[in-house]
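With the sequences and hints as input, model every part of the structure.
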Amino acid sequence: MRTLGKLTARPGERILGWAALAALAASAVLSLAVAPPDAEQGNVQRLMYVHVPAAWLAYLAFAVVFVASIAYLRTKRTRWDRLAAASAEVGVLFTALTIVLGSLWGKPVWGTWWTWDPRLTTTAVLLLIYVGYLAIRRLPESPARRARWAAVVGIVGFVDVPIVHLSVVWWRSLHQEPTVLRLGGPTLAPVMLTALLVGVAAFTVAYAYLVTLRLRAGRMEERATREALAPEPAERGRVAEEARG
Amino acid sequence: MDNLGFVAAGYTLTGVSLLGYVAWLHARIRRARERAAERESWE
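Read top to bottom, the protein sequences are chains W and E. Going by my numbering, the first sequence opens with residue 170, and the numbers climb by one from there. Going by my numbering, the second sequence opens with residue 28, and the numbers climb by one from there.
There may be inaccurate statements among the hints.
Unchecked claim - Computed footprint of chain W on chain E, listed as stretches where at least three residues anywhere in the stretch have a Cβ under 8 Å from a Cβ of chain W: (1) 38-48; (2) 60-66.
To be verified - For each label pair, taking beta carbons as the anchor points, the in silico distance ranges come out as: (3) W:R392 - E:A50: 19 to 27 Å; (4) E:E61 - W:A232: 31 to 39 Å; (5) W:A232 - E:L40: 22 to 30 Å; (6) W:L201 - E:S68: 45 to 53 Å; (7) E:L31 - W:L242: 43 to 51 Å; (8) E:S44 - W:R388: 21 to 29 Å; (9) E:T39 - W:R341: 31 to 39 Å; (10) W:Q345 - E:G42: 19 to 27 Å; (11) W:V203 - E:E61: 39 to 47 Å; (12) W:A202 - E:S68: 47 to 55 Å; (13) E:E61 - W:W283: 35 to 43 Å; (14) W:V300 - E:L40: 28 to 36 Å; (15) W:W283 - E:T39: 17 to 25 Å.
Please keep in mind that the hints were generated in silico from the structure rather than gathered at the bench. We put the CB at the ideal spot given by N, CA and C, even for glycine.
Written as structure tokens, this is what we have:
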């Protein structure tokens, strides 16, 4: 957490932001100009280089929510709750992006924008779970109670992540089976695998930057709310005088 | 939309949504800072 504290200072955050931009740009060049088109799907397969990293980073984001939620319930330290909230918000963004990019890929390949296929359905459920998590954080309850409820959802909801990943193995699915994270190793051509892994690395840096920025936004909003609720100086003086009797 | 159109749409959407989220977070930070500054100006 000390490292995270350093990263939320402005200079580190700026460096991370520029690193994310550079990494995403490099990934786009590799994906669009260097990697060859797929033998069967042609150029539309290039959507893999954004769709798959978005999905994996959504998994990572919710894994962070899972760990931070457990840490919060054990220690009651608000820094873990803040981290869970930040990572959940970024995770929802990446999950929504995964679904939309998958839809853009599915239309030309499967002939449909959407189907109630196991992978797509479980991913939609994942999105709903964490949208629900974010909704809980807006309930008009005490911060501690909200944090506790959110932590429980953050822990239980993570069950869907392995279900999403294994859905294409457990059930008949239009969606292709895993080609990288599978027993027996990746089945992608080396240059495609390199482009994909660079994409994953770029999205990981982007995730780190977004969570860092979101943490800072959360801290500043909490402080502004706390100060807004504190009594004004004149009122503080009156209260103090009354207390003195 | 030909297949390259789907690819262009996907990459554009990715860029726009990531940049849009960053812009939104910066706006939230700015608003929080303004609220704090407004508070300080009363004191």
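Quick check: the region 38-48 of chain E, covered by chain W? Criterion 3+ residues, Cβ under 8 Å. Our answer is that it holds, as 7 residues pass the Cβ test (under 8 Å) against chain W, meeting three.
When you take the CB atoms of Q345 (chain W) and G42 (chain E), is the distance between them in 19 to 27 Å? holds (25 Å)
Do V203 (chain W) and E61 (chain E) keep their Cβ atoms within the hinted range of 39 to 47 Å? At roughly 45 Å between Cβ atoms, E61 (chain E) and V203 (chain W) fall inside 39 to 47 Å, so the hint holds.
Is 45 to 53 Å respected by the C-beta to C-beta distance linking L201 (chain W) and S68 (chain E)? holds (50 Å)
Is 31 to 39 Å respected by the C-beta to C-beta distance linking E61 (chain E) and A232 (chain W)? holds (35 Å)
Given the range 28 to 36 Å, decide if the beta-carbon distance of V300 (chain W) to L40 (chain E) lies inside it. Since the Cβ atoms of V300 (chain W) and L40 (chain E) sit about 19 Å apart, the hinted range of 28 to 36 Å is violated.
Counting residues of the region 60-66 of chain E with a beta carbon closer than 8 Å to any beta carbon of chain W, are there 3 or more? Holds, because 4 residues of the region 60-66 of chain E bring their Cβ atoms closer than 8 Å to Cβ atoms of chain W.
Quick one: are A202 (chain W) and S68 (chain E) within 47 to 55 Å, going by C-beta? Because 53 Å falls inside the window, the suggested range holds.
Given the range 22 to 30 Å, decide if the beta-carbon distance of A232 (chain W) to L40 (chain E) lies inside it. The hint (22 to 30 Å, Cβ to Cβ) holds, given that A232 (chain W) and L40 (chain E) are roughly 25 Å apart.
Range hint 43 to 51 Å: satisfied by the CB atoms of L31 (chain E) and L242 (chain W)? About 49 Å separates the Cβ atoms of L31 (chain E) and L242 (chain W), which means 43 to 51 Å holds.
Kindly confirm whether 19 to 27 Å is satisfied by the beta carbon distance between R392 (chain W) and A50 (chain E). Taking Cβ atoms as reference, R392 (chain W) and A50 (chain E) lie about 22 Å apart, which means the hint holds.
For the range 31 to 39 Å, tell me whether the beta carbons of T39 (chain E) and R341 (chain W) fit it or not. holds (33 Å)
Hint 14 from the earlier list is the only one contradicted by this structure; the remaining hints agree with it.
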